[in-house]
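The listed protein sequences correspond, in order, to chains A and B. At position 166 of the first sequence (counting the first as 1) the number is 166 in the UniProt record's numbering, and the numbers step up by one without a gap. At position 334 of the second sequence (counting the first as 1) the number is 334 in the UniProt record's numbering, and the numbers step up by one without a gap.
Simulated from the structure, these hints should not be mistaken for lab results. Model, not experiment: these values are computed from the prediction. Cβ atoms here follow ideal geometry from the backbone N, Cα and C, with glycine treated the same way. Worth double-checking, as some hints may not be accurate.
Computed far set for chain A versus chain B, every beta-carbon distance over 12 angstroms [what the hints assert, rightly or not]:
id: 1; residue: T11
id: 2; residue: R20
id: 3; residue: T107
id: 4; residue: A135
id: 5; residue: V153
id: 6; residue: I172
id: 7; residue: K210
id: 8; residue: S240
id: 9; residue: P309
id: 10; residue: A375
Derived Cβ-Cβ restraints for the label pairs, each shown as a range [to be verified]:
id: 11; chain 1: A; residue 1: V153; chain 2: B; residue 2: N80; range: 50 to 60 angstroms
id: 12; chain 1: B; residue 1: S139; chain 2: A; residue 2: P403; range: 55 to 65 angstroms
id: 13; chain 1: A; residue 1: P116; chain 2: B; residue 2: S437; range: 41 to 51 angstroms
id: 14; chain 1: B; residue 1: K103; chain 2: A; residue 2: G224; range: 45 to 55 angstroms
id: 15; chain 1: A; residue 1: D405; chain 2: B; residue 2: A515; range: 51 to 61 angstroms
Short, incomplete list of chain A residues facing chain B, as computed with Cβ under 8 angstroms [to be verified]:
id: 16; residue: M1
id: 17; residue: F3
id: 18; residue: L6
id: 19; residue: K8
id: 20; residue: K41
id: 21; residue: L43
id: 22; residue: E49
id: 23; residue: R66
id: 24; residue: V71
id: 25; residue: A75
id: 26; residue: G77
id: 27; residue: L321
id: 28; residue: T325
id: 29; residue: E329
id: 30; residue: A331
id: 31; residue: E353
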Amino acid sequence: MQFEVLAKCHTTRARVSRMRLAHGVTMLPTFMPVATQAAIKGLTPQQVEALGVNLILNNTYHLNLRPGIEVLKEAGGAHKFQGWNHNLLTDSGGFQLVSLSKFTKITEEGALFASPFDGEPTMLTPEESISIQHAIGADIIMQLDDVVPSLTVGPRVEEAMWRTVRWLDRCINFHQKSGRDDVQNLFAIVQGGLEPDLRDKCLDEMITRKDRVAGYAIGGLSGGEEKDIFWRVIKQCADSLPEDRPRYSMGIGFAEDLLVCVALGVDMADCVFPTRTARFGVALTRNGPLNLRLGKHATDMRPIEEGCPCPTCSSGTTRALLNHTATLETAAAHAITQHNLVFQARVMGGAREAIMSGTFPQYLKDFFSNYFGDAGYPGWCVNALKSVGVDLLEGRPDTKVIPGDGAKWEYSDAA
Amino acid sequence: MASRPLFTLTGSPLAGKYGPRTGRIDIDRQDGTSILQTDTPALLTATSRGVVPHLSRDNVHLTKAIHHIQLPFESFLDRNPPVLTLVEGTQPLHTFLGFDPNKHAITLTLRDPSDGRKMPPNGNDFVSAHCTRGVRKVSPSAWKSYVSKCKPDLVVALSDTPFTPAPHSQKRLTKSIERSIAWLADILRVPLPDEAITRPRNVLVHLAGGVEAEARSEFAERLTEPIEQRDAPGLSPPLNTLDDGVAGYVFDLQPLHAAFSAEASRTNSSPSPANELLHSSDRQRSSPETSIALVELLHASLDPLPADKPRIINSPVSPHEILRLVRDIGVDLIDGSWAQRAADIGIALDFRFPTPTDTSCANAPVPRARANGKRDLGHNLFDALYRHDRSRLASCFLDGQSASSAVPPPHGLPVCECHACSPRSPASRILHSSVDSQAWADVRPYALQPPVMRSYVHHLLHTHEMSSHALLAMHNLTALSRFFAGVREVIARGGQEEFEREVERFETTYDEGMALWDEAERMWLEVERARGKGRLSREREKQAASMIGTAVDL
Ligand SMILES: [Zn+2]
Ligand SMILES: [Zn+2]
Numbered sequence: 001m002q003f004e005v006l007a008k009c010h011t012t013r014a015r016v017s018r019m020r021l022a023h024g025v026t027m028l029p030t031f032m033p034v035a036t037q038a039a040i041k042g043l044t045p046q047q048v049e050a051l052g053v054n055l056i057l058n059n060t061y062h063l064n065l066r067p068g069i070e071v072l073k074e075a076g077g078a079h080k081f082q083g084w085n086h087n088l089l090t091d092s093g094g095f096q097l098v099s100l101s102k103f104t105k106i107t108e109e110g111a112l113f114a115s116p117f118d119g120e121p122t123m124l125t126p127e128e129s130i131s132i133q134h135a136i137g138a139d140i141i142m143q144l145d146d147v148v149p150s151l152t153v154g155p156r157v158e159e160a161m162w163r164t165v166r167w168l169d170r171c172i173n174f175h176q177k178s179g180r181d182d183v184q185n186l187f188a189i190v191q192g193g194l195e196p197d198l199r200d201k202c203l204d205e206m207i208t209r210k211d212r213v214a215g216y217a218i219g220g221l222s223g224g225e226e227k228d229i230f231w232r233v234i235k236q237c238a239d240s241l242p243e244d245r246p247r248y249s250m251g252i253g254f255a256e257d258l259l260v261c262v263a264l265g266v267d268m269a270d271c272v273f274p275t276r277t278a279r280f281g282v283a284l285t286r287n288g289p290l291n292l293r294l295g296k297h298a299t300d301m302r303p304i305e306e307g308c309p310c311p312t313c314s315s316g317t318t319r320a321l322l323n324h325t326a327t328l329e330t331a332a333a334h335a336i337t338q339h340n341l342v343f344q345a346r347v348m349g350g351a352r353e354a355i356m357s358g359t360f361p362q363y364l365k366d367f368f369s370n371y372f373g374d375a376g377y378p379g380w381c382v383n384a385l386k387s388v389g390v391d392l393l394e395g396r397p398d399t400k401v402i403p404g405d406g407a408k409w410e411y412s413d414a415a
Numbered sequence: 001m002a003s004r005p006l007f008t009l010t011g012s013p014l015a016g017k018y019g020p021r022t023g024r025i026d027i028d029r030q031d032g033t034s035i036l037q038t039d040t041p042a043l044l045t046a047t048s049r050g051v052v053p054h055l056s057r058d059n060v061h062l063t064k065a066i067h068h069i070q071l072p073f074e075s076f077l078d079r080n081p082p083v084l085t086l087v088e089g090t091q092p093l094h095t096f097l098g099f100d101p102n103k104h105a106i107t108l109t110l111r112d113p114s115d116g117r118k119m120p121p122n123g124n125d126f127v128s129a130h131c132t133r134g135v136r137k138v139s140p141s142a143w144k145s146y147v148s149k150c151k152p153d154l155v156v157a158l159s160d161t162p163f164t165p166a167p168h169s170q171k172r173l174t175k176s177i178e179r180s181i182a183w184l185a186d187i188l189r190v191p192l193p194d195e196a197i198t199r200p201r202n203v204l205v206h207l208a209g210g211v212e213a214e215a216r217s218e219f220a221e222r223l224t225e226p227i228e229q230r231d232a233p234g235l236s237p238p239l240n241t242l243d244d245g246v247a248g249y250v251f252d253l254q255p256l257h258a259a260f261s262a263e264a265s266r267t268n269s270s271p272s273p274a275n276e277l278l279h280s281s282d283r284q285r286s287s288p289e290t291s292i293a294l295v296e297l298l299h300a301s302l303d304p305l306p307a308d309k310p311r312i313i314n315s316p317v318s319p320h321e322i323l324r325l326v327r328d329i330g331v332d333l334i335d336g337s338w339a340q341r342a343a344d345i346g347i348a349l350d351f352r353f354p355t356p357t358d359t360s361c362a363n364a365p366v367p368r369a370r371a372n373g374k375r376d377l378g379h380n381l382f383d384a385l386y387r388h389d390r391s392r393l394a395s396c397f398l399d400g401q402s403a404s405s406a407v408p409p410p411h412g413l414p415v416c417e418c419h420a421c422s423p424r425s426p427a428s429r430i431l432h433s434s435v436d437s438q439a440w441a442d443v444r445p446y447a448l449q450p451p452v453m454r455s456y457v458h459h460l461l462h463t464h465e466m467s468s469h470a471l472l473a474m475h476n477l478t479a480l481s482r483f484f485a486g487v488r489e490v491i492a493r494g495g496q497e498e499f500e501r502e503v504e505r506f507e508t509t510y511d512e513g514m515a516l517w518d519e520a521e522r523m524w525l526e527v528e529r530a531r532g533k534g535r536l537s538r539e540r541e542k543q544a545a546s547m548i549g550t551a552v553d554l
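Kindly produce the complete structure, drawing on both the sequences and the hints.
Here it is, written out as structure tokens:
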């Protein structure tokens, strides 16, 4: 991997960088769409490329079940199998194991689980996870970590953190011996729950291994913790992590979360939210999400978002037609997915542009003003951005501040 | 301005009225500009809720097989006024639905001709149509006003086809004829000066009469009779007969097949599909016998009518049936819903007309042969057989990349130009910031990519990924369009005799029983059901609980 920071925001911790991997260059900060089963919902790889996306995510747990490693190897790896010529990231499979399997037991050796095929006890070790990710062939691979739910407290959190450090060493050793470390890049995952001292210990350990990891992920978040705690953990990690390594915040996808993370120094994020919500008829816009199933859109002849360059808006698809087809025709899901992925890419592309031109604080202010407007700003965003020198409320004495998560959704199903 | 006729027969004239024929459909726009010429026999692409199933707009435009589009209006009846009637401009349907006015010709029908569900009876002045909010009654005057606002390239007059349980009495058939005649007269009638309704340009008529040859003849004869005096006002420029105002003839095969199988089931109780996931037409099968019966019925309709108008066939169920209708009738525009439906249930078509002389196509497994020695029409990609199959979708078509490689394979296979077999990288990509050009500097635009592998589509089908259907829909439409190109070539080159020979060869090569369809449908239903319960469904429940996070996208 070649990683180069091109510009830094003069106020916040945000930065623009260029990351060259085996399948090309990706400009950071970026959002990575999720292709769990080796396809971005309903789209062809060419359609995804046309959106200006060149780094996507596959899930190791799922690809290992189907189509299976043997099929991927025969095809020459996951890139060739799914016809994707650009950069690809895989997770370790550990998170899904814990969240999707009822019987997973963590031991020092690895994660013990019941095989979904025959119910037989099966062990996923750190070495096995890396070996599977080698077969998949992603440009960025993740260490196996000991995942505990975000809200867990007590000694289990510390145990998991230390085990994650030990498993990182096993992943590094296996990866380096494999000879794949020149084409595939291993990322460490910082754990430690919501406890700052555990995060600090984990950061210390992992930073000492810097020469043997290509980048760092911040794990153990996005599991229902309070947002005011979430951003503090992100900030703590991003502040400590080395300048010359990309930082990846796992499972982040709401626009306001993305921008706060970028301001705190995060370079990459992934989430299923924009593609999943598209299937339910929800389109993301700079003025907030639109639930296209609502009757009020039935005769609206405007595109989802005026001026949006996505294939859906630029071809003149109206809200009225999407109202007619959403959740009933797969083509509606494709159309909204295309738009939503472009929306995410524009949020991040706009951030890159603003950081390059030294206007990122203003970009943040404009975004929040359009996105939340009179509905009020989420308090945690105000606090988080204040911590890096941006006062969203400056010159806006009338803006409401909403405690809690403060998301603004048009989610009612009333048609 | 004098516009050209909608349809022109090309090639050497036939001895009689029936037989394989080639022609050309010319669509002129209101201002006289020609926008589309189609050589016939040609493919008519089916739509659902106004869109080609599984295809986003960019993929519709990538699929060159799509020219003629069949647009059932009824799904838009769930709002009043229907949203299609609120669109401004000279080509409202193209504008709203994203079709290219210069490439796509839209045929508007009230009902979806492939939908054979039971419906409440029609009335003397309405047709019962179906939308998500239930049954809607559509009167001839409402239809006329919808058509006037939508300005389709072609429109089918309302027709009284009973979708009440068969059999239908003589009295019912007589009523059906009377109504259909009256409704045709109504749409042809020029509006009174105070009405803001214009007469539609190309009016097609469904030839009514059901499975009674006599009723069909009677309906057709009514079209050619001098117009009754009471119909005369407004039927101008003076039409001597209703047929003078008709641009072409439509045959809905779905109700005819349904009647055939209802007759058959009175002796042996073949069950109708009880599963709500299945379409009523899914279990319809053709055979040489059903084709003979169809040909007899279609002859009864066409005997009294002139030969030079296009004949449009809806819902044929197999290429065998299509070939026999081309051979014994001479049909011109043929709905591809069966091939599009095949994409729903995981089938990639792999057949050609004329039948390739060497069916053992190199480097891609050919479809399976059945006990009768005949080959399947394609591949059921749900089948475990394809788990490790890395070849392109169709053995009898080459993929674009191998065809263009420095050393092309030694066999002269035609190329499947669909986006699954001959994908190209996009011509351009959206740049989201001024530094983004650095990311794409090394990437070639519009470069041929390797074809989609069968094993990949197999995987997508089993993981319930929508991309599988998009890829199959593009491929199947392209394969079917290529089939029609082959039909035209054989007719143009060898006339009736050679065409007959080739049809025979096709019939002895490819399996018409379509056991493949039954198998694919069964596996498709299994995956659909597994999604409703079991492990996958538990996973989905868990994930619904957390809309975000590192959850996976199921
Ligand atoms: Zn858009
Ligand atoms: Zn193809």
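Now for the hints, and whether the structure bears them out:
{"no.": "1", "hint": "T11", "verdict": "holds, 19 angstroms"}
{"no.": "2", "hint": "R20", "verdict": "violated, 9 angstroms"}
{"no.": "3", "hint": "T107", "verdict": "holds, 22 angstroms"}
{"no.": "4", "hint": "A135", "verdict": "holds, 15 angstroms"}
{"no.": "5", "hint": "V153", "verdict": "holds, 19 angstroms"}
{"no.": "6", "hint": "I172", "verdict": "holds, 22 angstroms"}
{"no.": "7", "hint": "K210", "verdict": "holds, 24 angstroms"}
{"no.": "8", "hint": "S240", "verdict": "holds, 22 angstroms"}
{"no.": "9", "hint": "P309", "verdict": "violated, 5 angstroms"}
{"no.": "10", "hint": "A375", "verdict": "holds, 19 angstroms"}
{"no.": "11", "hint": "A:V153 - B:N80: 50 to 60 angstroms", "verdict": "holds, 57 angstroms"}
{"no.": "12", "hint": "B:S139 - A:P403: 55 to 65 angstroms", "verdict": "holds, 57 angstroms"}
{"no.": "13", "hint": "A:P116 - B:S437: 41 to 51 angstroms", "verdict": "holds, 44 angstroms"}
{"no.": "14", "hint": "B:K103 - A:G224: 45 to 55 angstroms", "verdict": "holds, 51 angstroms"}
{"no.": "15", "hint": "A:D405 - B:A515: 51 to 61 angstroms", "verdict": "holds, 55 angstroms"}
{"no.": "16", "hint": "M1", "verdict": "violated, 15 angstroms"}
{"no.": "17", "hint": "F3", "verdict": "violated, 14 angstroms"}
{"no.": "18", "hint": "L6", "verdict": "holds, 7 angstroms"}
{"no.": "19", "hint": "K8", "verdict": "violated, 14 angstroms"}
{"no.": "20", "hint": "K41", "verdict": "holds, 6 angstroms"}
{"no.": "21", "hint": "L43", "verdict": "holds, 6 angstroms"}
{"no.": "22", "hint": "E49", "verdict": "holds, 5 angstroms"}
{"no.": "23", "hint": "R66", "verdict": "holds, 6 angstroms"}
{"no.": "24", "hint": "V71", "verdict": "holds, 6 angstroms"}
{"no.": "25", "hint": "A75", "verdict": "holds, 6 angstroms"}
{"no.": "26", "hint": "G77", "verdict": "violated, 12 angstroms"}
{"no.": "27", "hint": "L321", "verdict": "holds, 6 angstroms"}
{"no.": "28", "hint": "T325", "verdict": "holds, 5 angstroms"}
{"no.": "29", "hint": "E329", "verdict": "holds, 5 angstroms"}
{"no.": "30", "hint": "A331", "verdict": "holds, 5 angstroms"}
{"no.": "31", "hint": "E353", "verdict": "holds, 4 angstroms"}
In this structure, the hints that do not hold are numbers 2, 9, 16, 17, 19 and 26, in rising order.
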